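There are 2 protein chains.
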Amino acid sequence: MLIAAALAGSAPAGAASAQAVTAPVAEDFKPSSLNQPGQDYPQVNSQGHARFRIVAPAAQGVKVSLGLGGRGGTTLTKAPDGAWTGTTAGPLDEGFHYYRLTVDGGTFNDPGTLNFFGSRRWESGIEIPAKDADFYALKDVPHGHVQQVLFPSPSTGTQRRAFVYTPPGYEKNQSDRYPVLYLQHGWGEDETAWSNQGRANLILDNLIAAGKTRPFIIVMTYGMTNDVTPGRPGGLSSFDIRPFQTVLVKELIPYVDRQFRTLADQRHRAMAGLSMGGFETKLIVPANLDTFAYIGLFSGGSVSLEDVNKIPGFRDKIKLTFVSFGSRELEGGTMRGPPGVPPADPRANAEALKRAGLNSVFYVSPETGHEFQTWRRSLHEFAPLLFRD
Amino acid sequence: MLIAAALAGSAPAGAASAQAVTAPVAEDFKPSSLNQPGQDYPQVNSQGHARFRIVAPAAQGVKVSLGLGGRGGTTLTKAPDGAWTGTTAGPLDEGFHYYRLTVDGGTFNDPGTLNFFGSRRWESGIEIPAKDADFYALKDVPHGHVQQVLFPSPSTGTQRRAFVYTPPGYEKNQSDRYPVLYLQHGWGEDETAWSNQGRANLILDNLIAAGKTRPFIIVMTYGMTNDVTPGRPGGLSSFDIRPFQTVLVKELIPYVDRQFRTLADQRHRAMAGLSMGGFETKLIVPANLDTFAYIGLFSGGSVSLEDVNKIPGFRDKIKLTFVSFGSRELEGGTMRGPPGVPPADPRANAEALKRAGLNSVFYVSPETGHEFQTWRRSLHEFAPLLFRD
Chain A
6 MLIAAALAGS APAGAASAQA VTAPVAEDFK PSSLNQPGQD YPQVNSQGHA RFRIVAPAAQ
66 GVKVSLGLGG RGGTTLTKAP DGAWTGTTAG PLDEGFHYYR LTVDGGTFND PGTLNFFGSR
126 RWESGIEIPA KDADFYALKD VPHGHVQQVL FPSPSTGTQR RAFVYTPPGY EKNQSDRYPV
186 LYLQHGWGED ETAWSNQGRA NLILDNLIAA GKTRPFIIVM TYGMTNDVTP GRPGGLSSFD
246 IRPFQTVLVK ELIPYVDRQF RTLADQRHRA MAGLSMGGFE TKLIVPANLD TFAYIGLFSG
306 GSVSLEDVNK IPGFRDKIKL TFVSFGSREL EGGTMRGPPG VPPADPRANA EALKRAGLNS
366 VFYVSPETGH EFQTWRRSLH EFAPLLFRD
Chain B
6 MLIAAALAGS APAGAASAQA VTAPVAEDFK PSSLNQPGQD YPQVNSQGHA RFRIVAPAAQ
66 GVKVSLGLGG RGGTTLTKAP DGAWTGTTAG PLDEGFHYYR LTVDGGTFND PGTLNFFGSR
126 RWESGIEIPA KDADFYALKD VPHGHVQQVL FPSPSTGTQR RAFVYTPPGY EKNQSDRYPV
186 LYLQHGWGED ETAWSNQGRA NLILDNLIAA GKTRPFIIVM TYGMTNDVTP GRPGGLSSFD
246 IRPFQTVLVK ELIPYVDRQF RTLADQRHRA MAGLSMGGFE TKLIVPANLD TFAYIGLFSG
306 GSVSLEDVNK IPGFRDKIKL TFVSFGSREL EGGTMRGPPG VPPADPRANA EALKRAGLNS
366 VFYVSPETGH EFQTWRRSLH EFAPLLFRD
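Heads up: the protein sequence lines correspond to chains A and B, in order. Numbering of the first sequence is given in this note's numbering, commencing with residue 6 and proceeding in unit increments. Numbering of the second sequence is given in this note's numbering, commencing with residue 6 and proceeding in unit increments.
Next comes chain A alone, as it looks inside the complex (with noise of 0.2 angstroms):
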């Protein structure tokens, strides 16, 4: 059920409220904060409408996916200009967004804004204002540095990439060690997303700045290895955690607790993952009960005290199991699973593990769907738990 959590990322881009349909869209529009350098748009009003202008004057017809809950998109009509407008019809959910052009049949990206990776490609980013924007903001704080690390896997005869999050102070307090979550990305995306698209180093220097979270490090990478060809990923139906767990657990742990000062213990060490990446701490992180002590599911899964029982040593090892969802993914108080598969209840299997005396932490964001404000948000209320003793 896990995975289909996961493959549906893509489609419902934004889901809006069907009142709001009807309210006067607000001409306060502006452009996106993650327009390219100098262009006007897309733009998102007040409201959360997005607006888009496709320059493209001899195009029989262009549409935008992003749309009133994703069915649809949003059909843009031509200008006298010769240029393509049109305005969502619904307001768009808080946070990031992908989406993607298709013109005259082909699919193109905006022009006009920021790729992101997502769905196997580079897709356009669209990113509506949130009131609680300023957990994420680039501020005037110390910064910590994302940097890029192509590390040697024998398992796979490649160079892996990937990114890792030192805090600030880092570079200063030579004789500091750090713990380190290791956090994934979702389906279709790749080790690029939780810096671009979820701001994760961003998230940490804020709750650094404010004393809320013990400074750490965080480590990303590409979390599929069963590519067909190479640098072809690999479909989730052949998935196996295999060869992802020995790169992660063999190949890339070993690498950065010898390149990095990292207090290099169980009791220091976390996983984490969106979507497909939840699907994966959860199989990574039980047969590694002595490699990590914190688990974090964002959208991606919950784990019930059956689980537990049936895990020898989870109880005594771990010692924090986070889950959370968009309240979208929650509707009508449960897990949508695919059909055929009973729904599952992640609240009610948080409290069971309350109630039996575990850590467990869950967490809802609100008005948010299968999408990156969710993760944000996610990692943001994870963070300041983990590492505490």
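Derived from the structure by calculation, the hints contain no laboratory data. It is possible that some hints are incorrect.
Taking lysine to any residue pairs in the SDA-like style, the calculated list, with each CA pair at most 25 angstroms apart, reads [unchecked claim]:
id	chain 1	residue 1	chain 2	residue 2
1	A	Lys255	B	Pro147
2	B	Lys177	A	Lys144
3	B	Lys144	A	Arg263
4	A	Lys68	B	Lys177
5	A	Lys177	B	Asp270
6	A	Lys177	B	Pro259
7	A	Lys177	B	Thr163
8	A	Lys68	B	Thr82
9	B	Lys177	A	Gln271
10	B	Lys177	A	Lys136
11	B	Lys177	A	Asp270
12	A	Lys177	B	Glu256
13	A	Lys144	B	Pro147
14	A	Lys177	B	Arg165
15	B	Lys144	A	Lys136
16	A	Lys68	B	Thr112
17	A	Lys68	B	Gln65
18	A	Lys136	B	Thr163
From chain A, some residues computed to sit far from chain B (all C-beta separations above 12 angstroms) [to be verified]:
id	residue
19	Gln48
20	Gly193
21	Pro220
22	Asp245
23	Val261
24	Phe265
25	Asp270
26	Pro317
27	Gly318
28	Arg360
29	Val369
30	Pro389
31	Arg393
Please read these numbers as outputs of a predicted model, since none were measured by experiment. Quick reminder that beta carbons are idealized off the backbone N, C-alpha and C, glycines included.
Given chain A's structure and the hints, the job is docking chain B onto it.
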């Protein structure tokens, strides 16, 4: 005249030799190494021809900006399956080229390939395999890290971004200190160019692994400050070196010297740049002879003996003046200047410096123009000459 050279950057993308046009096109096309995951097009053949395939069944016309000498590009034709295809009339120069599509009068990127920031926008990129590609290949050698840093810039009221390459061993050898090269991009590019298009990190990894270069740090930041509005890169007509000089010398260098284990003195600091970045280097280094000891101008003008004689201290302080061009930039034996400006002869300038007893190196990249293959090779020639005492 440097400005003209810089501005010319985006126009002559991959000049083809006239005679090769008539050779039959070899049908051994393979996907470009810069394609997005799973994408078969664009492709490149053994002669350096590029072939494009764009799906847009209802389009009226699709053109690719890459082509014979950059003039006119390549017009695609519609295949029965609705895809637009075409092959460049001649081979392209070896190395990296920017390009873009025109679809029904609008500018888009090729959805098949990765994007690279150039010409003030994220452009499509293609790589023509070069005979000397080994020096910038990703190999099984120890790799340095490339890290994003956000540094405070009170003079511009912003948090600015730089990328910092730390060589292999930097993390482990906690008592070692390293020299630093400040390396600038060209006009229309940004601080991502030297790692993404230029492969500066891989060039250094390979040189260091071969024992040809002393390990050093490279710092790459955005070289323009005259943004008309935030995020809007300024034009060259309004360019003033002083604000960027303040950012570099008063803000970034002290930040790097605080955050990294640098050898923080003049003789362990170099500055180089491509095109506009060379122009900046030529302005900033002579005004800061107590800060830098090495100059590298890659397709970014040259230094004459007259220049040197006008700058008190240059002769004593500067340990190396390195000037390079692509051979196509020097066709006719001189660097082409704008109308009315006598052409400079950078080779004669370099030889005059040498005759006058200065350490002057002139390098010409064979069969390349104002493009990244020239600059990759220039860095590869320049790096071993740095910090040798």
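inquiry  = Check the hint pairing B/Lys177 with A/Asp270 against an upper bound of 25 angstroms on the C-alpha distance.
reply    = holds, 19 angstroms
Status of the stated non-contact between A/Arg360 and chain B (beta carbon gap over 12 angstroms) = holds, 44 angstroms
ask   = When you check the alpha-carbon spacing of B/Lys177 and A/Lys136, does it fall within 25 angstroms?
value = violated, 43 angstroms
query = Taking only the CA atoms, is the gap from A/Lys177 to B/Thr163 under or equal to 25 angstroms?
reply = Since the Cα atoms of A/Lys177 and B/Thr163 sit roughly 23 angstroms apart, the hinted pair holds (cutoff 25 angstroms).
query = Does the claim that A/Gln48 lies outside the interface with chain B hold up, using a Cβ gap greater than 12 angstroms?
reply = holds, 14 angstroms
message = For a C-alpha distance cap of 25 angstroms, please report whether A/Lys68 and B/Gln65 respect it.
response = Distance of about 17 angstroms is within 25 angstroms: holds.
ask   = Taken at face value, is the distance from the CA of B/Lys177 to the CA of A/Lys68 at most 25 angstroms?
value = It is violated: about 52 angstroms lies between the C-alpha atoms, which goes past 25 angstroms.
task = Starting from A/Lys177, check that the Cα of B/Pro259 is at most 25 angstroms away, please.
result = holds, 13 angstroms
ask   = Hey, does A/Asp245 actually stay past 12 angstroms from chain B on C-beta?
value = Its Cβ never comes within 12 angstroms of chain B, the nearest being 19 angstroms, so this holds.
query = Just checking, A/Pro389 versus chain B, shortest CB gap more than 12 angstroms?
reply = Given that every Cβ of chain B is farther than 12 angstroms from that of A/Pro389, nearest at about 22 angstroms, it holds.
query = Under the criterion that the straight-line Cα-Cα distance not exceed 25 angstroms, is the pair A/Lys68, B/Thr112 satisfied?
reply = Measuring from Cα to Cα gives roughly 16 angstroms; hence the hint holds.
request  = Confirm or reject the statement that A/Asp270 sits farther than 12 angstroms, beta carbon to beta carbon, from all of chain B.
outcome  = Given that every Cβ of chain B is farther than 12 angstroms from that of A/Asp270, nearest at about 19 angstroms, it holds.
Hints 2, 4, 10, 13, 15, 20, 23, 24 from the list above are not met by this structure, while the remaining hints are.
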